[in-house]
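Trainee: With the sequences and hints as input, model every part of the structure.
So the chains spell out like this:
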Amino acid sequence: MSSNFTLAELLICACADVWKDEGEVLATGIGIIPRIAQGLAKLSHSPGIMITDGEAYLTEEPVVIGAKNHEGRTYGGYMPYSRVFDLLWNGKRHALVGPVQIDRWGQANIACIGDFAKPKRQMLGMRGFPGNSINHGNSFFVPNHGTRVFVEDQVDVVCSVGYRDESWEAGVKRDYASIKHIVTNLCVMDFGGPDHAIRVISLHPGVSFEEVQQNTGFPLIQAEDCGETAHPTAEQLEIIRKLDPRDVRSKQIKDNPPGIRQAA
Amino acid sequence: MNKEMTTAEVVATLEDGMTIGIGGWGPRRKPMALVREILRSGLKDLTIVGYGGADMGMLCAAGKVRKLIYGFVSLDFIPLEPFFRQAREAGSIEAMELDEGMLHWGLRAAAYRLPFLPTRSGLGTDFLKVSPEVKTVTSPYADGETLLAMPAIKLDVALLHTHKADRLGNSRLYSPDPFFDEWFARAADRCYLSCEELVDRIDSSEEDAKHNLFERSLVTGVVQIRGGAHPTSHVAVNGGGYGWDAGHIKRYCEAANEEGGWQKYVDEFLGGDEAAYQQAVGGLEAITSLPRQVF
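Protein chains in written order, with the working numbering: chain A, 1 to 264; chain B, 265 to 559.
Treat the hints with caution; some may be incorrect.
What the hints assert, rightly or not - Okay, the calculated beta carbon distance ranges per label pair:
#1 83(A) <-> 403(B): 18 to 28 Å
#2 213(A) <-> 408(B): 38 to 48 Å
#3 92(A) <-> 376(B): 23 to 33 Å
#4 68(A) <-> 552(B): 13 to 23 Å
#5 527(B) <-> 234(A): 56 to 66 Å
#6 77(A) <-> 356(B): 39 to 49 Å
#7 402(B) <-> 68(A): 50 to 60 Å
#8 174(A) <-> 397(B): 16 to 26 Å
#9 230(A) <-> 404(B): 44 to 54 Å
#10 470(B) <-> 92(A): 25 to 35 Å
#11 115(A) <-> 403(B): 27 to 37 Å
#12 69(A) <-> 408(B): 52 to 62 Å
#13 309(B) <-> 20(A): 46 to 56 Å
To be verified - In the DSSO-like style, the derived pairs of lysine-lysine whose C-alpha atoms are separated by at most 30 Å in a straight line are:
#14 120(A) <-> 399(B)
#15 528(B) <-> 514(B)
#16 118(A) <-> 393(B)
#17 308(B) <-> 331(B)
Keep in mind that the hints were calculated from the coordinates and are not lab data. Just so it is clear, the structure is predicted and the values come from calculations on it, not from any experiment. Note that the Cβ used here is the ideal one computed from N, Cα and C, for glycine as well.
Mentor: Structure below.
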């Protein structure tokens with residue numbers, strides 16, 4: 001255990017864990033922290049996962065963040081978008097994505113805020129969320145845990161499926177949909193409560209359950225064995241430095257706070 | 265047989281109200297010279313289909329669009345196309361927002377002349393609520409599963425940008441990812457290609473022939489425009505491609521924040537023909553030397 005690490009590094013390690021025990025799935029981390037995390041997972045506990053170079057190829061060597069050229073890259077396979085859909089509709093993928101809104105049922109929104117016909121704020125659109133969420137496992141990364149993200153009611157537009165029974169048409173096969181973890185800047189959660197209720201399974205150093213609850217628009221459960229989120233090990237930090245030599249991770253969370261919160 | 269045409273001849277075959285599919289993906293390999301020719305034309309009320317980028321944004325800004333059918337409209341390093349955003353927030357266009365996989369499924373249905381293809385994508389979300397024209401279907405087999413019936417997206421015309429073509433309509437795509445260009449070609453009644461290099465007849469090796477992704481019988485016309493994908497990228501795995509023009513794309517996006525910004529962009533870059541456009545953005549040499557992006 002190391003005590004000298006940043007919150008971004010703690011989050012990278014927590015994010016990497018979403019791919020633990022997932023086998024030979026395509027790991028897709030959207031954003032800098034999830035992308036470093038997928039590389040860390042591959043180079044530590046989950047060598048079986050498949051990752052891409054960020055373009056169209058599978059590689060066994062995670063691409064370094066901020067690389068300036070393609071020199072020295074080697075490829076094990078080919079993964080253009082047409083094959084991404086072939087693969088993901090077959091379920092062999094786990095994506096770590098960053099929704100704008102998440103509700104208590106795990107339904108998530110990245111499409112727009114307000115009315116779909118004339119949105120108050122158009123965002124990315126549904127993109128891959130509907131197909132991903134009904135076909136394979138997903139986890140969420142939320143670097144700004146608050147009530148604007150974890151909304152009180154349903155999300156404005158349900159882009160990815162959740163555990164709200166009323167949202168499902170009768171006769172639809174729900175077996176392939178699962179949401180594994182939510183990693184935020186405050187804690188790690190899962191859907192292990194009664195009827196898939198969201199529970200806090202670990203709190204980041206110096207964060208209380210009450211603080212997490214205050215920043216969440218719906219009631220949370222604290223898991224019985226909820227402890228502190230594991231600190232990065234020296235080996236993990238070394239891999240992270242190798243994957244992100246220019247320290248792009250330091251610019252991902254405002255003011256790049258330390259991993260162990262300092263007393264105010 | 266000679267399918268060579270000019271951009272003006274291609275656009276002269278288009279009509280108001282048509283459904284036009286555009287190949288490429290976001291800021292990658294868009295047939296922008298053909299799009300610019302549409303921007304210069306009097307065409308209106310178009311339905312544009314694609315994995316959109318500045319092609320869709322510009323056509324929205326110019327008031328050419330009645331409806332967009334899209335998997336996204338993004339410039340990648342600028343996640344949301346600003347003129348698309350404005351059109352959506354103003355409610356000035358109809359939008360069919362699809363999961364990226366559903367869009368290619370609808371193109372495949374059209375390509376196979378089927379009314380729909382089944383999928384699970386979209387179920388359990390608000391997709392059916394915001395797209396009430398899309399229906400579900402029940403499996404006739406023992407499982408009885410409810411599936412989404414993704415309707416065919418039939419195109420009147422597909423516009424694609426390729427690396428190389430011949431006057432018969434044979435083509436080559438050397439991109440790292442060919443995206444779904446093949447399905448745009450197959451879903452359309454007529455497909456027009458712009459290309460970097462045009463020859464009388466391609467007579468290649470076996471290996472090279474694998475880069476031919478759809479038959480010449482699907483191709484109505486070919487136009488040679490070196491640099492015709494600018495400001496989008498046109499990467500070739502066998503060398504000789506170019507990256508996207510981040511500087512120009514930023515300049516274009518800034519126009520969305522200015523009063524009358526689109527008209528200023530038009531005055532600066534679209535007043536003349538394609539040769540004048542290429543001059544205004546620094547010349548063909550500058551376009552084809554743009555370095556490939558690294559991810």
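Trainee: All the hints need checking, so say for each whether the structure fits it.
Mentor: Comparing the hints with the structure gives:
no. : hint                          : verdict
1   : 83(A) <-> 403(B): 18 to 28 Å  : holds (26 Å)
2   : 213(A) <-> 408(B): 38 to 48 Å : holds (42 Å)
3   : 92(A) <-> 376(B): 23 to 33 Å  : holds (25 Å)
4   : 68(A) <-> 552(B): 13 to 23 Å  : holds (21 Å)
5   : 527(B) <-> 234(A): 56 to 66 Å : holds (59 Å)
6   : 77(A) <-> 356(B): 39 to 49 Å  : holds (43 Å)
7   : 402(B) <-> 68(A): 50 to 60 Å  : holds (54 Å)
8   : 174(A) <-> 397(B): 16 to 26 Å : holds (24 Å)
9   : 230(A) <-> 404(B): 44 to 54 Å : holds (51 Å)
10  : 470(B) <-> 92(A): 25 to 35 Å  : holds (31 Å)
11  : 115(A) <-> 403(B): 27 to 37 Å : holds (34 Å)
12  : 69(A) <-> 408(B): 52 to 62 Å  : holds (54 Å)
13  : 309(B) <-> 20(A): 46 to 56 Å  : holds (53 Å)
14  : 120(A) <-> 399(B)             : holds (27 Å)
15  : 528(B) <-> 514(B)             : holds (14 Å)
16  : 118(A) <-> 393(B)             : holds (14 Å)
17  : 308(B) <-> 331(B)             : holds (11 Å)
The structure fails none of the hints (numbered hints given earlier).
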